[in-house]
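The listed protein sequences derive, respectively, from chains A and L. Every letter in the first sequence is one number past the one before it in the numbering used here, and letter 250, counting from 1, is 255. Every letter in the second sequence is one number past the one before it in the numbering used here, and letter 188, counting from 1, is 189.
These are computed hints drawn from the structure, not numbers from a lab. Ideal Cβ placement from N, Cα and C applies to all residues, glycine included. Careful: at least some of the hints might be erroneous.
[Unchecked claim] Under 8 Å between C-beta atoms, here's a sample of chain A residues computed to sit facing chain L: (1) 96; (2) 171; (3) 189.
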Amino acid sequence: MSDRILLEATGISKVFGGVRAVDDVSLQVREGTIHALIGPNGAGKTTFFNAISGFAFPEKGSVKFLGTDVTRMLNWRRIAMGMGRTFQTPSIFPELTVDENVRLGVNAHAKQAFRLRAPRGDAKAALDKRVDELLGFVNLTAQRDRPLSELAHGSQRLCEIAMSLSTDPVLVLLDEPMAGLAEAETERIIGVIRDLRERLGLTVLFVEHNMRVVLSLADRITVLDRGKLLAEGTPAEIAANESVRAAYLGEGVLDHV
Amino acid sequence: MTARKELLISAAVVVLFAFGPWLSPLLHLDVSIVSEVLVTAIAVMSVNLLLGYTGLPAFGNAAYFGLGAYGAALSVTYGHVHFIEAVLIGMVAALLGGLILGPFLLRRRGIYFGLLSIAFGQVFYFIAYRYTDVTGGEDGMQIARPYAGLPSAHVTVTDLGFYYTALVIFVIALFAFRTIVRSPFGRTLIAIRQNEPRVRYLGLNTDRFIFVALLISATMAGLSGALFGLLINFAYPLELDWHQSGYFVLSMILGGAGTVWGSLVGAFIYVIGKDIISTITQWWQIFLGALFVVCVLGFPRGILGTLQALRRRAAQQFADDDAHV
């Protein structure tokens, strides 16, 4: 972990129909951390995520990425700068094969997406190699020629993670990567998120609902509740925090820690 | 399909068309009708690129088609240019049309893109309709089919010569189309159709892709329009009309959206169907309309799209059988 701050959101606010979905929330993501953003349903996690990634601009506040103010920067430019993102409902190309899904981003990153002729020779070999690496990383090599719509939900999530990596990001944003998955698939995703840092040296910011997963995976946790910043700290600090316990009261998740 | 098999089938189709002038009398068709099939197929391809591949309702491509026809007709009438130059001028006119309309069309997606396309197309229609001094207005403008220029001057003047010229241009256009849709650019267009936000989240400015697709489409439609004008020796306002755009769209759906050869299949059925039915009854549009309805209900993926889906299913069946052995 370094002291370098990759992403800095300051005083983010967003109103939906009179409701303050996110109210004056600030957050810093340091390079090399796995940072979790948690909170009960309706806490404003995804809204905050959308503001960071440029899916919807915030009304107030600013977002700095790699030292540049990106608050009003179009999303595709942020991605080109080195931000990757997945969505709560996997955002994929269902009719394309697993290989093609990943290859699009690889082409984009290699500035090949605008080519009007299929690449050949060395250029093709370099692209193939990168696609192989990414499919190997999420362990989908065997399914590469199948349409993504035919794969299980967990595999679609893994493919989406590979897609978000295809543009060579330094920071990966994962929106509820374990939502709706069975136990075994959840374990697989947890392993991949660990690998993102251990093997690829990336920084991860992820939204998650499941406290137990978060406490075992993250080294920094930010807690939102009803649009406001409730607490921030290490897993141990968060587990001991009274107001976090109150917000999660009745769910019992913290008693087991 | 293997590359070899595809090449064989493609070659067979081209050879079949090479014998078109001998085959068409067997079907009681004039060779110029088969020329019209080839020429129309290029316009249907232009719609296919935008609608079938990129998912943009290209309901106004007749605008570029008409610009091509008028570009060729005006340059022949007032500039006395040769055939090839007339075609190139038609393509440039359509490309310019795309360059002017593109920035406005880019601002909308979905049905609003379609409505804007129709509206802009109608503007061109009314210009051709009203600007009587130059365009001949409602009556259109008669032109004499010009000589080819190089290498053999007389080729394009005869119906047979025109047919082979159209066939060569069609094959080039189809090959270019196939290359484009299979390139990384073409794959990105398909991705935009399926999930545009995700393409943006791969760091790509989708507007740029759509703009270039639009320019390619406009130029292809212009090529088709220029050839059509030279085929019938005539340019008239209805070529720019939204009904014309509709026929291109229906032909694309009939043949198979998002397939390389579907445009030819669709154009074939539309042009030949129109020709045969209109000799039997003047209400040919009713019967052609009924044919479209049946096809859309029976084969929503179009004729080629349905065939491809069936073959994939058969292949899957074999794969499953293998797995059980």
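Status of each hint after checking the structure:
With a cut of 8 Å, the hint placing residue 96 (chain A) at the interface with chain L holds, because the nearest CB-to-CB distance is about 4 Å. Given the 8 Å rule on beta carbons, the hint for residue 171 (chain A) holds: about 7 Å separates it from the nearest Cβ of chain L. Contact between residue 189 (chain A) and chain L, as hinted, is not supported at the beta carbon level, the nearest pair being about 23 Å apart and thus beyond 8 Å.
Consistency note: the structure conflicts with earlier hint 3 alone.
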